[in-house]
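J.: Now for the letters of each chain:
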Amino acid sequence: MVKEVLLGNEAIVKAALEAGVDFVSGYPGCPAAEVGDEFGKIAKENGIYFEWSTNEKVALEAAIGASFSGLKTLVAMKNFGLNVCAEALLPLCYTGTNAPMVVVVGDDPSCWSSAQTEENSRGYAFIAHIPVLEPSDCQECHDFTKLAFEISEKFKLPVILRTTIRVAHQRAPVQFEETGKKELKKGNFIKNPHQYVTLPPRVLEMKKELLEKMEKIQAYAEKEKINFVKGGKSPFGTAQGKKIGIIASGVGYLHLMEAQKEMGLDLPVLKINLFYPLTEKTVADFVKKLNKVLIVEELDGYLEKETKVIARESNPKIKISGKDLLSEIGELNVEKVGLALAKLTGKKIKIVKPQTPDIPRRYAKLCDGCPHFYTFSVIKKVAPENTIFGGDIGCYMIAGMPPHNIQDYEFCMGSSLGIAHGVRKSTNQKVIALIGDGTFFHSGIAGLINTVYNKSNPLIIILDNRITAMTGHQNNPGMGKNGMGEPAQELNIEEIVRACGVKSIKVLDPINVKELEDTVTDFLSKEEVSVIVCKRICALLARRQQNG
Amino acid sequence: MGKSNFNIIIAGAGGQGIVTLVDILANAAFIEGYDIKSSELHGLSQRGGTVLTYVRFGEKIFSPLFENGQANLIIGLDLLESLRQTVFSSKKTNIVINKYLMPFIGIIPEKEILDGLEKAQKNKLYLVPASEICQKELGKEVVSGIYLLGYAAYKNMIGLKPESILKAIEKVVPQKYLELNIKAFNLAKSA
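The listed protein sequences correspond, in order, to chains A and B. Numbering that gives the first Met the number 0 numbers the first residue of the first sequence as 0 and each following residue consecutively. Numbering that gives the first Met the number 0 numbers the first residue of the second sequence as 0 and each following residue consecutively.
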């Protein structure tokens, strides 16, 4: 056993090594990117196959192929990535896995590093019927990764390890085992269409099998006490002499324990580690003895709703609090949880009301020498008034911030193209859609084909800075290098665009401002869709390469 | 909160190497046998935007976050970003700040920032020209955060031995930059 300070994401990697993972795939996104980054560094020497896939759906599909072939797999992505791969995830729960599979998903309450929504990926548990484990700290990131592999192996289902930014990007001491070197494993796909082909009427049998697995996992989790009660030594201590308990999950549990410590409370806490399937008996037994229970969970009140249903039979008189005291918007912290505890128990909590100085916001900005700067300036200058500027996911979201202020919509990976097409079809306004190289490979190509096929004509500018920059400089298909840093086929964006049927294409270096200006002006008057590829290396990457 | 716990805020703008400082402090506290938790941000916020990180150590740490008024120490790599995080300070908080300003459009005048800092903390405010010193003495402004760490450590504001922090620097910083970082840390000894 070794004990070291690790980042939550690093603890996940250590545990996957201990579990003997063979095949790892993923797509970079905050707060899960370091899982793949770490595997990219250590995969080869540890006899593991690792890839950055083109998107999360492909990453999951690759892992499905590996699992069916008998390899232990792990897939890592951010919350929105789960939306991208949902179409593959749902049938996977029907067919089940062969070798175990863990899906690491990072949520971002408060949207510190996430643009589109404050997504709560736990909701997928209900749609897909997939077990979800929720670690609170770095040690649990490690322990639950191993547990996830065990559950997956035992029940032949993928298991989600759901982190949040305060867990994945937490550093804390973690106990783990050093692992020895292993050989790169080759599996064997044993044909089994009965299990791997989802077609009716078999598919409905599969659904039945899946629901039965959920019952079995629930029973297993009850027996193994995966969700358990702790604390409760002090008198239930309220003015009214009521018995109060807490049900808590994720990082909310840590804030709760901190708040209890500060307030001198030791209420009984049911810690939910396995969010789904929920251990209904454990919850029923817990609430049976209480007059009041507070559910501490971030974002939507899923546990609260479940508890209300369970309590209807086991303790209909209990008062259940949750989202009435803890907002479903924004992350939790010690103060929020402390205030909820104070309301419930009548105990006092010391809150410092800050005299917040009125300080202007410091927006994210382009790095010194960033090639996007030239592109933003040019399109802002030459585009006619009332041109619609479409944004996408990457560093170039900064187009929407001062001093640029050119971003009229910004949604999700690849959507700048799809929406540009819709606006062009519906108006007489000019549309310029921006998309980066990584995002173009991820999900831009289908939108481009649709634009050509359905005769639309936005101007699409592909900002090819030769890397997936925003998430921490991960390799992508346009670079001639794969996720493990090995040489790979370099996909040529211009050729792809041409093959999609685009006639007006120009590849240029955006620091040639005059050429860029002339091309934008020219292409904006085209009857058909046109594409400019602004090709220049990310300034940060260029500096790093220079420094060796 | 937690009388025995030590709470540190490290604040600045994206790209100033703040995550490395978090990693170093977390490891240094671990070397001295403390329980620790920290929290940091990655992603687009790191592209020049406001960065706020937490490091906590003590006998038992639950939450990686703490609340307004609960910092024992604030280390700021930029004047304005330090002012922004003075919400975490109380009368007891040491505030060690790089006398350096990363300007942006719409920023308030430096005088106003300095007045704000004085108002937030009268006696325990240390404005240190770390960027200037590191540029002059080492030719590298990038290690000014490490210099501030050394400043706070040698003035006993962290409650960790400088040797433990040096050990942590050796663990965290890549070999190539190690000598420079150790120099920057020790340069603050005579400050």
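Hints are computed from structural coordinates only; laboratory data are not their basis. The beta carbon of each residue, even a glycine, is placed where N, CA and C say it ideally should be. There may be inaccurate statements among the hints.
Unchecked claim - Distance ranges between label pairs, derived from CB positions: (1) B:Asp-34 x A:Arg-311: 54 to 62 angstroms; (2) A:Val-308 x B:Glu-162: 39 to 47 angstroms; (3) B:Lys-123 x A:Arg-542: 52 to 60 angstroms; (4) A:Lys-2 x B:Gln-134: 35 to 43 angstroms; (5) A:Pro-401 x B:Lys-123: 55 to 63 angstroms.
Unchecked claim - Here are some, though not all, of the chain A residues that point toward chain B, as calculated from beta-carbon distances under 10 angstroms: (6) Val-1; (7) Glu-3; (8) Gly-19; (9) Ser-135; (10) Gln-169; (11) Pro-172; (12) Glu-223; (13) Phe-227; (14) Leu-255; (15) Glu-257; (16) Lys-307; (17) Pro-401; (18) Ile-405; (19) Tyr-408; (20) Gly-471.
J.: Identify every previously stated hint that the structure contradicts and give their numbers, smallest first.
T.: 1, 2, 3, 5, 6, 8, 12, 13, 16, 18 and 19
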